[in-house]
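Build out the structure end to end from the sequences listed, making use of the hints.
The residues making up each chain are set out below.
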Amino acid sequence: MTEGTISATFDVYRHDPSRAEPARYQRYTLELTPHTPVLTGLLRIRAELDPTLTLKYSCRSAICGSCAMQVNSKSRLACQTQIGPEIARHGRIVVEPMRNMPVVRDLVVDQKPFWRNYDRIQPHLILDPRRPMPKGRENPMSPEQVDRFKETPRCIACAACYSACPAVEADPAFPGPMALAKLYRFVVDPRDTAAQDRLVRIQPDGLWLCLRCHLCTEACPKDVRPSERIRDLKELAIGAQGATEFGSRHAVGFKESIRDRGLLDEMLLVRKTYGVSGMMGQLGQGIKIYRKKPELLKKPHPIPGVEEVEGIYAALDRPEAEGGAK
Amino acid sequence: MQQHDVVVVGAGLAGQRAALAAVEAGRDVAIVTKLHPLRSHSGAAQGGINAAVGAEDSVDTHIYDTVKGSDYLGDQDAIEFFCREAGPTVVEMEHFGTIFSRGPDGSLARRPFGGAGFPRTIYAADRTGLALLQALWERLGTERFTLYDEWDLIDLVVRDGRVQGLVALDRKGGEFQEIAAKAIVLATGPAGRIYGRTTNAHSCTGDGVAAAYSAGGYLKDMEFVQFHPTALLETSILITEGARGEGGYLKNASGDRFMSQYAPHVLELASRDVVSRAIVTEVLEGRGFTGPYGGYVHLELMHLGKEKVESRLQEICDFCRNFAGIDPVTEPIPVYPAQHYMMGGVGTDIHGATNVPGLFAAGECACVSIHGANRLGGNSLLETLVFGKEAGVAAAAFAASAAKPALHESDLEPAVAPLRGWMARGEGEDPSTLRTEMQRIMERYVGVYRNEGDLLEGLKQLRAVRERFDRVRVVDQSKVFNMNLIDAIETGHMLDLAEVIIVGAYARTESRGAHSRTDYPKRDDAKWMKHTLAKRGPEGPQLSYAAVGFTRWEPKERVY
Numbered sequence: 001m002t003e004g005t006i007s008a009t010f011d012v013y014r015h016d017p018s019r020a021e022p023a024r025y026q027r028y029t030l031e032l033t034p035h036t037p038v039l040t041g042l043l044r045i046r047a048e049l050d051p052t053l054t055l056k057y058s059c060r061s062a063i064c065g066s067c068a069m070q071v072n073s074k075s076r077l078a079c080q081t082q083i084g085p086e087i088a089r090h091g092r093i094v095v096e097p098m099r100n101m102p103v104v105r106d107l108v109v110d111q112k113p114f115w116r117n118y119d120r121i122q123p124h125l126i127l128d129p130r131r132p133m134p135k136g137r138e139n140p141m142s143p144e145q146v147d148r149f150k151e152t153p154r155c156i157a158c159a160a161c162y163s164a165c166p167a168v169e170a171d172p173a174f175p176g177p178m179a180l181a182k183l184y185r186f187v188v189d190p191r192d193t194a195a196q197d198r199l200v201r202i203q204p205d206g207l208w209l210c211l212r213c214h215l216c217t218e219a220c221p222k223d224v225r226p227s228e229r230i231r232d233l234k235e236l237a238i239g240a241q242g243a244t245e246f247g248s249r250h251a252v253g254f255k256e257s258i259r260d261r262g263l264l265d266e267m268l269l270v271r272k273t274y275g276v277s278g279m280m281g282q283l284g285q286g287i288k289i290y291r292k293k294p295e296l297l298k299k300p301h302p303i304p305g306v307e308e309v310e311g312i313y314a315a316l317d318r319p320e321a322e323g324g325a326k
Numbered sequence: 001m002q003q004h005d006v007v008v009v010g011a012g013l014a015g016q017r018a019a020l021a022a023v024e025a026g027r028d029v030a031i032v033t034k035l036h037p038l039r040s041h042s043g044a045a046q047g048g049i050n051a052a053v054g055a056e057d058s059v060d061t062h063i064y065d066t067v068k069g070s071d072y073l074g075d076q077d078a079i080e081f082f083c084r085e086a087g088p089t090v091v092e093m094e095h096f097g098t099i100f101s102r103g104p105d106g107s108l109a110r111r112p113f114g115g116a117g118f119p120r121t122i123y124a125a126d127r128t129g130l131a132l133l134q135a136l137w138e139r140l141g142t143e144r145f146t147l148y149d150e151w152d153l154i155d156l157v158v159r160d161g162r163v164q165g166l167v168a169l170d171r172k173g174g175e176f177q178e179i180a181a182k183a184i185v186l187a188t189g190p191a192g193r194i195y196g197r198t199t200n201a202h203s204c205t206g207d208g209v210a211a212a213y214s215a216g217g218y219l220k221d222m223e224f225v226q227f228h229p230t231a232l233l234e235t236s237i238l239i240t241e242g243a244r245g246e247g248g249y250l251k252n253a254s255g256d257r258f259m260s261q262y263a264p265h266v267l268e269l270a271s272r273d274v275v276s277r278a279i280v281t282e283v284l285e286g287r288g289f290t291g292p293y294g295g296y297v298h299l300e301l302m303h304l305g306k307e308k309v310e311s312r313l314q315e316i317c318d319f320c321r322n323f324a325g326i327d328p329v330t331e332p333i334p335v336y337p338a339q340h341y342m343m344g345g346v347g348t349d350i351h352g353a354t355n356v357p358g359l360f361a362a363g364e365c366a367c368v369s370i371h372g373a374n375r376l377g378g379n380s381l382l383e384t385l386v387f388g389k390e391a392g393v394a395a396a397a398f399a400a401s402a403a404k405p406a407l408h409e410s411d412l413e414p415a416v417a418p419l420r421g422w423m424a425r426g427e428g429e430d431p432s433t434l435r436t437e438m439q440r441i442m443e444r445y446v447g448v449y450r451n452e453g454d455l456l457e458g459l460k461q462l463r464a465v466r467e468r469f470d471r472v473r474v475v476d477q478s479k480v481f482n483m484n485l486i487d488a489i490e491t492g493h494m495l496d497l498a499e500v501i502i503v504g505a506y507a508r509t510e511s512r513g514a515h516s517r518t519d520y521p522k523r524d525d526a527k528w529m530k531h532t533l534a535k536r537g538p539e540g541p542q543l544s545y546a547a548v549g550f551t552r553w554e555p556k557e558r559v560y
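These protein sequence lines map, in sequence, to chains R and F. Those letters in the first sequence? Residues 1 to 326, per my numbering, in order. Those letters in the second sequence? Residues 1 to 560, per my numbering, in order.
It should be emphasised that the hints constitute simulated quantities derived from the structure, not laboratory data. Please note that a few of the clues may not be correct.
[Said to hold, decoys possible] Part of the chain F face toward chain R, derived, beta carbon under 10 angstroms:
{"#": "1", "residue": "R102"}
{"#": "2", "residue": "A124"}
{"#": "3", "residue": "A201"}
[Stated by the list, open to error] With a straight-line Cα cutoff of 30 angstroms, these simulated BS3-like cross-link-like pairs (lysine-lysine) come out:
{"#": "4", "chain 1": "R", "residue 1": "K74", "chain 2": "F", "residue 2": "K172"}
{"#": "5", "chain 1": "R", "residue 1": "K150", "chain 2": "F", "residue 2": "K306"}
{"#": "6", "chain 1": "R", "residue 1": "K255", "chain 2": "R", "residue 2": "K298"}
{"#": "7", "chain 1": "F", "residue 1": "K556", "chain 2": "F", "residue 2": "K530"}
{"#": "8", "chain 1": "F", "residue 1": "K308", "chain 2": "R", "residue 2": "K150"}
{"#": "9", "chain 1": "F", "residue 1": "K172", "chain 2": "R", "residue 2": "K112"}
[What the hints assert, rightly or not] Chain R is faced by these chain F residues, among others (derived, beta-carbon under 7 angstroms):
{"#": "10", "residue": "L38"}
{"#": "11", "residue": "L108"}
{"#": "12", "residue": "R139"}
{"#": "13", "residue": "T142"}
{"#": "14", "residue": "N322"}
{"#": "15", "residue": "D430"}
{"#": "16", "residue": "S432"}
For every residue, glycine included, the Cβ atom is placed at its ideal position computed from N, Cα and C.
Okay, here's the thing in structure tokens:
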């Protein structure tokens, strides 16, 4: 447990929008042990060098979710990120506020948009009066049912996933990874009676806007794996009402094309996604593609050994397959 | 100026439960909190919540264990009420949507905890507080009340014999604000940051307790400070009692399970005061480990097996790996006691009412008292919900018949004038310097073991820091999110409370529960079977005493 100190350089984003001065980066240097959390470093700066440095923090043990920020361009909890590996990789520690939310001051952002999206998914048990709770005792819940919650109960609403999400940046209608992971938690809850409604309601302007980039899962400090929960929700949504949305039809078209030919049939995918009449709207795009890469518009021949692909699909569709919708 | 029937200060479990009760009673309710409600320190509670719901267990056993755990300072009438409410409270939280851990038969799983006769602690892995906090927040719903989040309580306004409202700082907006209220429920939680080594979050600065004290409220039993036996060395991050409940061992440097010397019947599962004293004694007498962060002992989980450790103590595994570079599956965890819980707080009856009409309190910031001289693990989450609800119901009833509050714009200036002074000062000390000094004093002189000489020296040094605080300087001149100003507000609050703790501890010439005087090592029921009450006077805390409520349990010597 004895270890030497290293010289740690922090370049910290400073901006007070209530004042006229432009945003800047301020450099602070401290002697710290390599296992020191970034948060401890920032609090040492506040106590010893500059009490005006502004950030949010509380528990310092990765359970309150207050201190999420950008550390060397990654959304992280400052309390859970040690300085040693950051300095080894980047030579310094660049600390900036989270993205996708307006900056209040320095490292503090206004999380209202994040909380609004959380509220939007109706984050509470929806009960059917015809199915009352057992009087005076708990609802029984089998270990298998508890398992279906997966990692979502660990979520601390730190918003690191929201900050990391390019779909949030591109489309404010997208509720963001945390809200969808939370939705999953209610959809699989045996006490909730609105799973079907929830799955139908989240599809327009919601679920299918996810880009499947998995940056949320990379950012999540609690291993909730939001992108995997979104994938689970997509499967449940198709199961609940079939492929009725652009997004779900696209996913199903993709799956069928690979199954039948072993590669992507672009024309089939467009037809599946938009329908025959909707394809007309894509005419301009089609002409562009025809001029540049006409081969993309031809129906591809199945690859040799396509029956092996079918075998993989069959294996995945068996009920005991890992990760499949049950 | 905003106005509401019931204003709840603090949005952890007690505050939210109070708000829910007041909303359900039809009142116009607001919550003021310096964090977002989901960031409250209730979420850091790990081990579980007690309820005697097992077939072999009984409410009477829970009552007895709590009375004994309190070292007979808990009010038995309050404890009886509290333990009877436990089962319905846990079931209600399950119905609200809490994701509890389950047994093989699908019922709520239970684990053994210190000082309890049966496995009685219902849990959600090792994040029970977070599971409850999320479920309650989701049940409360954001549309049924007004939320003032990231607002700091500065002062309560009491006039004409009742509470009239409060003065707060809106962090984001940067303005001082008044909120008029017919009734106020304080639910501001812990004050652990008075100490250097604490498991508590940085936000746990006793704001509500200090504001009640300034407003003429009685503080009860403040000298009883719980030190959790197993805090991670260096950072004092909590390692849940559940780690011992699941079968963890405590060992000294010779590899002995030393608890056999201190609690021969239940070993590691003695109550927290007993285990903390044992660890400190082992280290003081040279049988502990030593290192750059001081003496310590080992908490071993290795023999429990990877599967059990990783599934039931998932957060603990993460803490150890991320914050100490230790894998508890294969290595012992270095631990030492750290401040964890204040048994004392704003004195209330079982409905949360204080001596100030219209002012109520619940949760850790209150003292009913059910914990007496030592709280049992698993009883504090239960306390937040049982008494949060009581206080919310009582505050709603008070507000229903109360006249319109008389809060004036002229009430703002007296509360904020000192703060403006701190910001206007050209030179002076930074609040964090004074806070660190206070933490050092409390750690050194008012820790697990106390004696007259230490307490007098601690009081002298603390009063010197209080004088220096009169010249505190806030350098930051911005209105927006001025954490430097908030540091100063919090430090002022904590300095008041630290003085009350020392004065109460000095006066109490006995050892009871968590208050352990080496110069008075025995419990003295003839003289000290009574609650300490502290009221703010011109020269510091003025002490008086109140009787303990008795029903069925005669005081006995406490053996584990």
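Verification of the hints:
1. R102: 5 angstroms, holds
2. A124: Given a least distance of 7 angstroms, the restraint on F/A124 holds.
3. A201: 4 angstroms, holds
4. R/K74 / F/K172: The hint holds at about 25 angstroms.
5. R/K150 / F/K306: 19 angstroms, holds
6. R/K255 / R/K298: 18 angstroms, holds
7. F/K556 / F/K530: Holds. F/K556 to F/K530 sits at ~16 angstroms (cutoff 30 angstroms).
8. F/K308 / R/K150: 17 angstroms, holds
9. F/K172 / R/K112: 12 angstroms, holds
10. L38: Given a least distance of 5 angstroms, the restraint on F/L38 holds.
11. L108: At about 5 angstroms, which falls below the 7 angstroms cut-off, the nearest Cβ of chain R leaves the hint on F/L108 intact, so it holds.
12. R139: Constraint on F/R139 satisfied, holds at 6 angstroms.
13. T142: 6 angstroms, holds
14. N322: It holds, given that the least Cβ distance between F/N322 and chain R is near 5 angstroms, below 7 angstroms.
15. D430: OK, holds: F/D430 within 7 angstroms of chain R, min 6 angstroms.
16. S432: Hint holds; F/S432 Cβ to chain R Cβ min 4 angstroms, cut 7 angstroms.
No hint from the list above goes unmet by this structure.
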